[in-house]
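Participant: Sequence:
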Amino acid sequence: MQTLHAVTLVIPDYDEAIAFYCGTLGWQLAEDIDQGRKRWVRILPPGASQGSLILARADSAAQQAIIGNQFGGRVGLFLCTDDFTRDHAAMLAAGVRFEEAPRHEPYGCVAVWRDPFGNRWDLLQLT
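Residue numbers (our numbering): 1 to 127.
No wet-lab data here; the hints were simulated from the structure.
Since the structure is predicted, the reported quantities are computational estimates derived from the model, not experimental observations.
Backbone N, C-alpha and C fix where the C-beta goes; we use that ideal spot for every residue, glycine too.
Treat each hint with caution, since some may be false.
[Stated by the list, open to error] Label pairs and their in silico Cβ distance ranges: (1) G76 with W40: 29 to 35 Å; (2) R86 with A62: 17 to 23 Å; (3) R86 with V112: 14 to 20 Å; (4) T3 with Y107: 30 to 36 Å; (5) Q50 with F71: 32 to 38 Å; (6) E99 with Q35: 22 to 28 Å; (7) G36 with E100: 19 to 25 Å; (8) Q35 with D83: 33 to 39 Å; (9) Y107 with G73: 31 to 37 Å; (10) G76 with S49: 35 to 41 Å; (11) Q28 with A62: 16 to 22 Å; (12) M1 with A90: 29 to 35 Å; (13) A89 with S49: 20 to 26 Å.
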């Protein structure tokens, strides 16, 4: 058996990203380990036990250049929910910027949103 443990998201600042994901969105800070010049920061969506996000601070000009465009302008991250209406409303109330109104697709209800760093996400409730 194999599972996907985590995906790295390059961000400009650890604390700013933690404030958004763990403060604004209510994610869980699973690990924040100081490694000297960098930190190992792993976060999980509410209620998740796996499928984490590693927040990696950009430490070069090339890494700074990809912040917000790590997926070439496409949606690259998918936040699944068991209650789209609840989470969409909560995210709107928290100031999350959605690019579109919710839409129904054959696979579920979805709406594209951006984090403060420009990364495009789907909020998704699968059918």
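Participant: Next, verify each hint and record whether it holds.
Facilitator: We went through each hint and held it up to the structure:
1. Against the hinted window of 29 to 35 Å, the Cβ-Cβ separation of G76 and W40 comes to about 21 Å, which falls outside the hint.
2. Against the hinted window of 17 to 23 Å, the Cβ-Cβ separation of R86 and A62 comes to about 39 Å, which falls outside the hint.
3. About 18 Å separates the C-beta atoms of R86 and V112, a value consistent with the hinted range of 14 to 20 Å.
4. Between T3 and Y107 the C-beta distance comes to about 21 Å, which lies outside the given range of 30 to 36 Å.
5. Checked against the hint of 32 to 38 Å, the C-beta distance between Q50 and F71 comes to roughly 21 Å, which is inconsistent with it.
6. A hinted range of 22 to 28 Å is violated for the C-beta pair E99 and Q35, which are about 35 Å apart.
7. For the hinted restraint 19 to 25 Å between G36 and E100, the CB-CB distance of approximately 42 Å leaves it violated.
8. Distance hint for Q35 and D83: a CB-CB separation of about 37 Å, consistent with the stated range 33 to 39 Å.
9. With their beta carbons about 21 Å apart, Y107 and G73 fall outside the hinted range of 31 to 37 Å.
10. Checked against the given bound of 35 to 41 Å, the beta carbons of G76 and S49, roughly 22 Å apart, lie outside it.
11. A C-beta distance of roughly 30 Å is found between Q28 and A62, which places it outside the suggested range of 16 to 22 Å.
12. Separation of M1 from A90 is about 33 Å and conforms to the stated range, judged on CB atoms against 29 to 35 Å.
13. For the pair A89 and S49, the beta carbons lie near 25 Å from each other, so the given range of 20 to 26 Å is met.
Checked against the numbered hints listed earlier, the structure breaks hints 1, 2, 4, 5, 6, 7, 9, 10, 11; every other hint is satisfied.
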